[in-house]
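Undergrad: Please put together the full structure from these sequences, using the hints given.
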Amino acid sequence: MIIDKSIKWDKVYDVVVLGFGGAGASAARFAADNGAKVLLVDKAPEGHEGGNTRYSGQNVGYTPDPQKFRTYYKALAQGFHIDEDVEDTVINGLANMKDYFSKYLEVEPFVFGEHPDDNPLSHTADNQTTATHPEFPDSSASELMTVHNGMFDSALWTVLRERVLDRIDNIDVWYDSPAVHILQTPDKTVVGVQIKRKGKIRNIGARNGVVLSTGGFSNSKIKIQDFIGEHHLAPVGTLYNTGDGIDLALEAGARLWHMTTYNSAGIVGDLTLPVKEGERSVFQPADIDAKEMYTGSIFAVGDDGTRYCREDIFSIEGWFYNHGQWRTPQAPIKPYVVFDQKQYERLAQIDHVPYQRALNNFLISANSVAELAAKINVKPETLTSTIDTFNSYAESGNDLDFHRAAATLERFDTSDTIYALPMVQSVAQTHGGPKRNGKAEIMDPFNNAIPHLYGAGELGSNIVRIYQGGENLADCLIFGKVAGENAAKAKHDKDDLFGNGNDVATGASAKEDPDLASDLKKKYTFELGKNQYLGVSSAGMGNDIVVRVTVDDNQNLKNIEVLQESESEDYGKRAVKALPKIMVEKNTYDVDAISGASSSSRAMKEAVKQALDSAKEKNK
Numbered sequence: 001m002i003i004d005k006s007i008k009w010d011k012v013y014d015v016v017v018l019g020f021g022g023a024g025a026s027a028a029r030f031a032a033d034n035g036a037k038v039l040l041v042d043k044a045p046e047g048h049e050g051g052n053t054r055y056s057g058q059n060v061g062y063t064p065d066p067q068k069f070r071t072y073y074k075a076l077a078q079g080f081h082i083d084e085d086v087e088d089t090v091i092n093g094l095a096n097m098k099d100y101f102s103k104y105l106e107v108e109p110f111v112f113g114e115h116p117d118d119n120p121l122s123h124t125a126d127n128q129t130t131a132t133h134p135e136f137p138d139s140s141a142s143e144l145m146t147v148h149n150g151m152f153d154s155a156l157w158t159v160l161r162e163r164v165l166d167r168i169d170n171i172d173v174w175y176d177s178p179a180v181h182i183l184q185t186p187d188k189t190v191v192g193v194q195i196k197r198k199g200k201i202r203n204i205g206a207r208n209g210v211v212l213s214t215g216g217f218s219n220s221k222i223k224i225q226d227f228i229g230e231h232h233l234a235p236v237g238t239l240y241n242t243g244d245g246i247d248l249a250l251e252a253g254a255r256l257w258h259m260t261t262y263n264s265a266g267i268v269g270d271l272t273l274p275v276k277e278g279e280r281s282v283f284q285p286a287d288i289d290a291k292e293m294y295t296g297s298i299f300a301v302g303d304d305g306t307r308y309c310r311e312d313i314f315s316i317e318g319w320f321y322n323h324g325q326w327r328t329p330q331a332p333i334k335p336y337v338v339f340d341q342k343q344y345e346r347l348a349q350i351d352h353v354p355y356q357r358a359l360n361n362f363l364i365s366a367n368s369v370a371e372l373a374a375k376i377n378v379k380p381e382t383l384t385s386t387i388d389t390f391n392s393y394a395e396s397g398n399d400l401d402f403h404r405a406a407a408t409l410e411r412f413d414t415s416d417t418i419y420a421l422p423m424v425q426s427v428a429q430t431h432g433g434p435k436r437n438g439k440a441e442i443m444d445p446f447n448n449a450i451p452h453l454y455g456a457g458e459l460g461s462n463i464v465r466i467y468q469g470g471e472n473l474a475d476c477l478i479f480g481k482v483a484g485e486n487a488a489k490a491k492h493d494k495d496d497l498f499g500n501g502n503d504v505a506t507g508a509s510a511k512e513d514p515d516l517a518s519d520l521k522k523k524y525t526f527e528l529g530k531n532q533y534l535g536v537s538s539a540g541m542g543n544d545i546v547v548r549v550t551v552d553d554n555q556n557l558k559n560i561e562v563l564q565e566s567e568s569e570d571y572g573k574r575a576v577k578a579l580p581k582i583m584v585e586k587n588t589y590d591v592d593a594i595s596g597a598s599s600s601s602r603a604m605k606e607a608v609k610q611a612l613d614s615a616k617e618k619n620k
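Residues in the sequence shown are numbered from 1 upward in steps of one, following the working numbering.
Everything hinted at is true.
Pairwise CB distance ranges (calculated):
1) H403 to K586: 48 to 56 Å
2) V180 to K276: 28 to 36 Å
3) D166 to Q78: 37 to 45 Å
4) P116 to D169: 37 to 45 Å
5) K188 to Y524: 40 to 48 Å
6) N377 to K188: 48 to 56 Å
7) H403 to A374: 29 to 37 Å
8) I222 to D166: 33 to 41 Å
Heads up, simulated PhoX-like pairs for lysine-lysine below, C-alpha to C-alpha not over 20 Å straight-line:
9) K379 to K334
10) K530 to K558
11) K489 to K37
12) K577 to K609
13) K5 to K491
No wet-lab data here; the hints were simulated from the structure.
Every residue gets a Cβ at the ideal spot worked out from N, C-alpha and C, and that includes glycine.
TA: Laid out in structure tokens, this is it:
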């Protein structure tokens with residue numbers, strides 16, 4: 001949106017960062033560290049910010065040998081163009097990632113390759129190598145690290161969020177506040193953002209820069225169709241990545257790149273289990289608790305009732321080998337896994353919540369092949385032929401179509417009940433968005449930097465073609481730092497738009513208008529009665545878990561109230577609901593974790609322990 005000097009600012013900052021995920025958190029803290037007053041906004045409500053960083057494996061790329069990694073990086077591009085300055089920024093950032101962790105995250109990294117006997121990937125199909133494609137030249141230069149020895153526990157996200165909280169005096173945060181327009185002068189210089197805040201459109205000025213870090217478009221069906229060319233892909237990450245940053249970038253005059261590149265994460269053919277409309281699909285690594293989905297009398301079919309993939313082959317970060325190239329998976333509109341009664345009984349024994357939800361809510365059963373074919377809308381003769389062919393392969397031990405391992409093939413029995421479970425094609429993350437240069441400046445169609453506009457993270461990431469695990473989080477950290485530092489640099493070319501230099505040029509101040517105040521709080525002020533103590537933990541999948549613990553005069557646990565939590569619906573809330581009762585019954589915080597909710601369980605135990613420690617300290 002083009003503005004002029006008549007604009008009325010509601011508030012003016014040095015830097016405005018759009019998107020409070022890994023990239024946005026990094027950009028905001030580095031802008032603040034370079035003297036900027038920062039506004040960090042997110043469209044998600046509090047507790048649901050974090051983007052895909054919150055839900056990811058928490059692995060960050062690193063290389064001990066940048067020269068070799070450059071060869072590997074080019075191989076991952078599969079011949080696609082790489083901008084040299086972007087390549088340099090990426091590789092220099094990866095080479096210095098150890099120092100980044102210790103200096104800026106204030107943790108000593110857990111480098112997978114330095115712990116061969118305790119490598120989290122040693123229990124997966126990656127077979128202890130951290131390179132996604134070990135067959136590529138100089139792949140040994142690719143490493144992974146985490147902030148501790150653990151994965152899929154939001155540990156990195158927690159650290160990044162804490163670094164923002166550490167700078168609460170210089171960073172304001174607005175939740176549930178989507179950006180609706182980029183504000184530019186007639187010469188296309190970005191000078192602010194229009195933000196919808198508590199039902200009102202606010203004009204927020206940015207003296208020195210705006211950072212676009214709103215994540216990808218995995219939860220936008222229209223953008224999936226327009227840019228990737230698939231009918232629908234179900235997100236296994238955040239539901240708030242709807243591609244808003246693409247619209248804002250286009251409004252600002254940006255050039256797009258890497259739009260067709262994405263990666264999946266799932267079971268057979270990178271499918272994932274179905275969920276109800278509006279829910280996040282379950283990230284289910286293909287090699288964990290999934291053997292029954294590809295071993296036995298079970299197979300996957302596409303829209304016409306025929307098999308279309310090798311069910312026992314795992315994708316490599318969402319890519320499948322295809323005659324010398326790596327490609328994203330074929331994505332049927334309505335895929336199913338089809339199985340017989342004995343296979344159903346095996347699936348029903350899996351003690352894993354997503355499987356039980358799927359079987360209880362979505363399973364289709366029939367007494368004949370013809371009946372099942374009618375229910376899944378395929379020709380009965382086609383489904384019959386598929387079963388007959390599969391059975392011939394099971395008997396011979398030779399899958400002539402897809403070469404599935406003989407040990408995974410078992411004859412399909414049609415004399416009893418047969419089943420179909422609808423599946424959905426997954427997307428873990430997209431990589432397309434506005435093109436940026438090595439300085440994190442967003443470029444226009446003629447490769448000129450758009451003044452005062454920067455980008456970082458999944459929105460227009462550096463991933464050119466094939467995704468190497470850990471590289472998107474590395475992009476968040478590397479380009480988040482570069483974007484934040486460059487956005488913070490003082491720019492005086494548009495000073496006349498911002499009045500006298502105060503935080504607020506025109507309009508109400510944050511003190512006078514509570515709607516403009518930061519949503520971050522320095523401390524919790526919950527009331528405490530006799531023998532009541534507060535405990536807080538940030539070790540869960542959401543933001544802080546806050547509990548109020550009541551003890552008797554002998555320090556026995558009498559009650560645990562959860563005052564604040566934002567754990568995930570699929571697993572975390574089970575722990576939040578169940579553990580207080582168990583802890584009170586056993587009179588200890590040290591109880592078994594709830595299955596499938598290890599992070600939330602850990603946070604609950606940590607919060608209750610903190611409260612009990614306070615009680616002991618007071619009663620010494």
